[in-house]
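Chemist: Use the sequences and the hints to build the structure in full.
Protein chains in written order, with my numbering: chain A, 1 to 167; chain B, 1001 to 1270.
One thing to keep in mind: the hints can contain errors.
Cross-link-like lysine-lysine pairs, in silico, BS3-like; alpha carbons within 27 Å at most [unchecked claim]:
| id | chain 1 | residue 1 | chain 2 | residue 2 |
| --- | --- | --- | --- | --- |
| 1 | A | K10 | B | K1023 |
| 2 | B | K1065 | A | K40 |
| 3 | B | K1268 | B | K1066 |
| 4 | A | K45 | B | K1268 |
| 5 | B | K1065 | A | K25 |
| 6 | B | K1155 | B | K1066 |
| 7 | B | K1132 | A | K45 |
| 8 | B | K1046 | A | K25 |
| 9 | B | K1132 | A | K25 |
| 10 | A | K25 | B | K1066 |
| 11 | A | K25 | B | K1155 |
| 12 | B | K1201 | B | K1144 |
Listed below are several chain B residues computed to face chain A (Cβ distance under 8 Å; list not exhaustive) [claimed, not checked]:
| id | residue |
| --- | --- |
| 13 | K1005 |
| 14 | I1009 |
| 15 | R1013 |
| 16 | L1016 |
| 17 | N1048 |
| 18 | I1060 |
| 19 | S1061 |
| 20 | E1063 |
Because the hints were derived from the structure by calculation, they are not lab data.
On a predicted model such as this, the values are computed, not experimentally measured, just so you know.
All C-beta atoms, glycine included, are put in the ideal place defined by N, C-alpha and C.
Each chain, letter by letter, is given below.
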Amino acid sequence: MGIDIEGNYKRYGPMVLRRCRFLLKDEEAALDAVQEVFVKLLRYKDKLNGDYPSSLLYRMATNICLNMIRTENRKPQFEGEEILLKIAAFDEMEDRMIINDLLDCIFEKEQKSTREIAVMHYVDGMTLQEVADESGLSVSGVRNRLLKLRAKVKQIREIEYGREKSI
Amino acid sequence: MEGKKVSDIFLERYLLGELPKIKTREIESLLEKSPDLRMRLEELEKSNIEILNEYPVDYISSEIKKRYNRSIVEKPGTKKSKKKIFLKHNKILYPSFGLLTAGLIFLFLFNFNHNIVVNKGIIEKTRIKGMKSGLYVFRKNNDKIEKIKNNSIVKANDLLQLAYVSVENLYGVIFSIDGRGIVTLHYPERVDLSTRLKLNKKMVLPSAYELDDAPDFERFFFVTSRFELNVEKILRSAEILASNIVRAATDDLKLEDNIKQISLTVLKEE
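Modeler: Structure, rendered in structure tokens:
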């Protein structure tokens, strides 16, 4: 297979599992997601670059978990989950194109999707500057992406609840 | 960055030595000042050891490779080899649907008071605190569904439904031995399928089955492990036990130390 799965799992597996546990709050689902992350690593081995695999694997774990959350279409069950569910469900044309070839984009250093940026800021608690540093955008670029998300989410909430709310 | 506000990702990457130098220096400076941050870092180091103990490298890597191989699309014209089902005798199988399923929903609701989702023929239960691993047997009795206890009396042509709960072990096999020494596999449905279980949920098997006229008893076994089980090996142990009917009714299976077993026996009406 050409990639040292044992070595990568030993080094990064615990970090990936912690990330998946945090997002999914379900041990079985988290373990499933961890394996998916490393399967995708095998699949994209030819595109792997040498810079900071931890950053890449963390993003892969986040996106796989967001997709699992979206597929489950579940109701919020724990504090703070509602925003995560909204982010997971966020579906914008630009994001759809990115998500379809998400890992190609990651490996080719394309822009991070709005979902990833939203998770970094709203779920992981990173400042706008930190998100900007991680995503390669400017602070105003990050702010614009988040405004788009909030507008979209607000639209969905207005339709769902029939009144204005802000995140 | 204050100590308390350092995001998990930065601390994880710091531990791995994969942060840019400026960020590394920031965190090192904060570590000197913040006991909370130092504690978080220690917890990460401890968690690394715990996770690799709980999910060992060899085992998980092997699972990842199997999953990767399964995900590769087969080329047209190649045959997938299938192992034969290790059954000497076929029980009649019925899908879990209609009245039996509705009855089970009612029974679980009555007993456990929680929401149920029916998903592809398997009834999933929401998690309940204080759950214990176990094997459940239900019988359709006219329009009623009843839970069968150990050593309950049953008869030929009774329609039974099996369910399980596993709170720790991710993998399991369910089979039965009857009074003729016949071994019947109930889960997974074939020997070549994964033995993966759903954890912390009450799971009903997708098929109910009708008892035949084998005498004396039918004993149901639920064998579990943290690691993937070899179904054929388990069934071979079952066949050895089943070769002595007296022992089959009372003794445990001879299995490896990391495999747990529980059983439930129903007695055949004369």
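Chemist: It remains to establish, for every hint, whether it holds in the given structure.
Modeler: Taking the hints in turn, this is what the structure says about them:
Proposed proximity of K10/A and K1023/B is supported: the alpha carbons are some 24 Å apart, at most 27 Å. Taking the CA atoms of K1065/B and K40/A, the gap is about 11 Å. The hint holds against a cut of 27 Å. Under the criterion of a C-alpha separation no larger than 27 Å, the hint pairing K1268/B with K1066/B is inconsistent with the structure, at around 42 Å. Proposed proximity of K45/A and K1268/B is contradicted: the alpha carbons are some 58 Å apart, above 27 Å.
Between K1065/B and K25/A the alpha-carbon distance is near 25 Å, which keeps this suggested pair within the 27 Å criterion. Only pairs whose Cα atoms come within 27 Å are accepted, and K1155/B paired with K1066/B is rejected, the gap being roughly 43 Å. At most 27 Å may separate the alpha-carbon atoms for a hinted pair to count; K1132/B and K45/A exceed this at roughly 42 Å. About 20 Å separates the Cα atoms of K1046/B and K25/A, which keeps this hinted pair within 27 Å; it holds.
With a C-alpha separation of about 20 Å, the suggested pairing of K1132/B with K25/A holds against the 27 Å cut-off. For a cut-off of 27 Å, the pair hint linking K25/A to K1066/B stands: about 25 Å separates their Cα positions. Proposed proximity of K25/A and K1155/B is contradicted: the alpha carbons are some 44 Å apart, above 27 Å. Of the supplied pair hints, the one linking K1201/B and K1144/B holds, its CA atoms being roughly 23 Å apart against a limit of 27 Å.
Taking 8 Å as the C-beta cut-off, the interface hint given for K1005/B holds, the closest approach to chain A being about 7 Å. Hint status for I1009/B: holds, given a least beta-carbon distance of 6 Å to chain A, under 8 Å. Hint status for R1013/B: holds, given a least beta-carbon distance of 5 Å to chain A, under 8 Å. At about 5 Å, the closest approach between the beta carbon of L1016/B and any beta carbon in chain A falls short of 8 Å, and the interface hint on this residue holds.
A cut of 8 Å between beta carbons decides the hint on N1048/B: the least distance to chain A is about 4 Å, and the hint holds. Annotation: interface hint on I1060/B holds; nearest CB of chain A at approximately 6 Å, less than 8 Å. Because the smallest distance between the Cβ of S1061/B and any Cβ of chain A comes to about 5 Å, under 8 Å, the interface hint for this residue holds. For E1063/B, the interface hint holds, since its Cβ comes within 8 Å of a Cβ in chain A; the closest pair sits about 6 Å apart.
Of the hints listed earlier, those the structure fails to meet are numbers 3, 4, 6, 7, 11, in rising order.
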